[in-house]
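Keeping the supplied structure of chain A fixed, place chain B upon it in accordance with the hints.
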Amino acid sequence: MRKRLFFIILPIITITIVTIWIYNLPQPPAAQVNQARNAIAEADKSLSGKYSASLYKEAVTLYDSAMHYWKIENEKIFFNRKYSHIESLALRSEKKAILAKERSINNVASFQNRLGKTIKETDSLLKQYDQNFNKVPWPTALKKKEVRARLLFSEGKLAFDKKDYLKSAKCIDKATEQIHEVFIVAKNEMKNYFDNHPEWQQQVDNAIARSRKQNAPAIVVDKFAGKCYLYHSGKLISTWDAELGKNWIGDKKMKGDKATPEGNYYVTAKKSGRNTTYYKALLINYPNEEDKASFAAAKKKGQIPSSAGIGNNIEIHGGGGKGVHWTDGCVALSNPDMDKIYHQVTVGTPVTIVGSLRPFEEVFNF
Amino acid sequence: MKKFAFLGMLTMGMVVLFASCAKVPQAAIDGAQAAVDSAKIAEAAVYVPEQLTALEDSMKSALAEVETQKSKFFANYDKAASTLTWVSANAGQVAQNAVTRKAQLKEEIVAVIAEVTASLAENKELVAKAPKGKEGKAALEAINSELSVVEATIAECQTAYDNGQYVGTIDKIKAAKDKAASIKEELTAAIDKTKKK
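For the record, the sequence lines run as chains A and B. Add 6 to the 1-based position in the first sequence for my numbering, that's all there is to it. Add 348 to the 1-based position in the second sequence for my numbering, that's all there is to it.
In short, the hints are calculated from the structure, not lab data. Among the hints, a few may not be true.
[What the hints assert, rightly or not] Pairwise CB distance ranges (calculated):
(1) A:Pro32 <-> B:Ala370: 16 to 24 Å
(2) B:Ala437 <-> A:Lys77: 24 to 32 Å
(3) B:Glu473 <-> A:Thr67: 55 to 63 Å
(4) B:Gln513 <-> A:Arg364: 44 to 52 Å
(5) A:Ala299 <-> B:Gln513: 53 to 61 Å
(6) B:Ala462 <-> A:Asn194: 39 to 47 Å
(7) B:Lys427 <-> A:Glu81: 17 to 25 Å
(8) A:Asn86 <-> B:Pro397: 38 to 46 Å
(9) A:Lys141 <-> B:Ala451: 42 to 50 Å
(10) A:Ile78 <-> B:Ile389: 24 to 32 Å
(11) A:His349 <-> B:Glu504: 51 to 59 Å
Cβ atoms here follow ideal geometry from the backbone N, Cα and C, with glycine treated the same way.
Isolated chain A, as found in the complex (with noise of 0.2 Å):
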């Protein structure tokens, strides 16, 4: 009987015991992995792995590395299985993409933040630099670099709106340096080129205080606001649009620059008919005695090729009226304002013809 009864419930101890002994095997990791990969997923949603990748590939090789030693213990008998390691690097892996997804979010946030900033700036100076420089002559180079800046710039306001941040911050970034390099060389040619503006502002008022005290009529043509001005007595008579050579920034060098010159100088001939491509014409006195100086100074310095020759036949002519200055060096205006200072000046009415009758502060807006 006592056999018996131990043959019976030793069955039931051992079912008992190994159930028991089950129970209480470590638990697999999924939850935990369940876990980590839903935070990458989530981080995935947020675009970690570009705006914040480094943390994303982390909390990813964390994740490869539980999956990895899961399936290892997994080949193991499953008493001998331990999966603590494992959720330690699910853990870690889940808390990486968190961070990640956290900081890319705020990532994309400033980019946002930065490039608007940025390209609302960067506006903001091109359209400085159009209302300042557009009309201004400048070196191919500098005018195709300018252009190449705002195709950059273009480029990246597009990846912008796209939310390709960092293809936009790429190309803004560089863009925008490149518009502020050739905005400052602009802006620095320009200023040395004003520094002369005291001397032109006293051979106006020269001209005006001669033309009072002599009661006669005087010319002055400021070049950077384009127009030319007659005077009579001292008084301003008249104001009209004029068109200069299309190398108008600067005084005129050589024959051949397309500048027009600045300095004193007056009218030698009135010409009409036949004897002038453009209506009618004033012929000035260039070269002068200074600009023949200048010169041949700067041929002595190797500034102009020894060849070149210092150029002549520069008038206010007609023919303008095109909005554009084209001319080889000569000032035009338009016929009928050619018929009106023909009439109005004589041979020897004094030219001064000036860089700018107004400050590089009143003419620039910065």
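Chain B alone, transformed into the frame defined by chain A:
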């Protein structure tokens, strides 16, 4: 009785043994992984990144489920197999979507390059048609330097296209297109001015 107890324990051992030996769906895993790899080869990461990410997430989920079941006494791979079947079926679609998107992008780039090239030719024609006098020439010289930059950009985009760089090229050529259009406006205005008397 002794025999009865022995048989009982043996039966229980057999049940445990067979239950824990349900087969891992290795063929399904390999098939799904190969399908995901095919989608990657089709450059899904470049052209349909969100779709590839979803696919990879499902693959990871299936693999985790496989390991979960492997860790259990009574493994059941039905859920994992079902996810793997979904991955295999959808990976083909993702690969196809990537191919389609790439083809669309290529077509778009070719079209925009053709458009900008035509616009450039048109602009050059306008330059050629401009008044021959020095005034026309002067006004158009600045525009010519702008046109040369656009021309260089077209060449750069064509090279990028030939080298299979499509994603970055589209914005670049679109920017050149906008510039060519603005040059045309500028050019027309300049010609009108030179024509004005």
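Right, here's what the structure says about each hint:
no.	hint	in the structure
1	A:Pro32 <-> B:Ala370: 16 to 24 Å	holds (21 Å)
2	B:Ala437 <-> A:Lys77: 24 to 32 Å	holds (25 Å)
3	B:Glu473 <-> A:Thr67: 55 to 63 Å	holds (59 Å)
4	B:Gln513 <-> A:Arg364: 44 to 52 Å	holds (50 Å)
5	A:Ala299 <-> B:Gln513: 53 to 61 Å	holds (59 Å)
6	B:Ala462 <-> A:Asn194: 39 to 47 Å	holds (41 Å)
7	B:Lys427 <-> A:Glu81: 17 to 25 Å	holds (21 Å)
8	A:Asn86 <-> B:Pro397: 38 to 46 Å	holds (42 Å)
9	A:Lys141 <-> B:Ala451: 42 to 50 Å	holds (46 Å)
10	A:Ile78 <-> B:Ile389: 24 to 32 Å	holds (29 Å)
11	A:His349 <-> B:Glu504: 51 to 59 Å	holds (58 Å)
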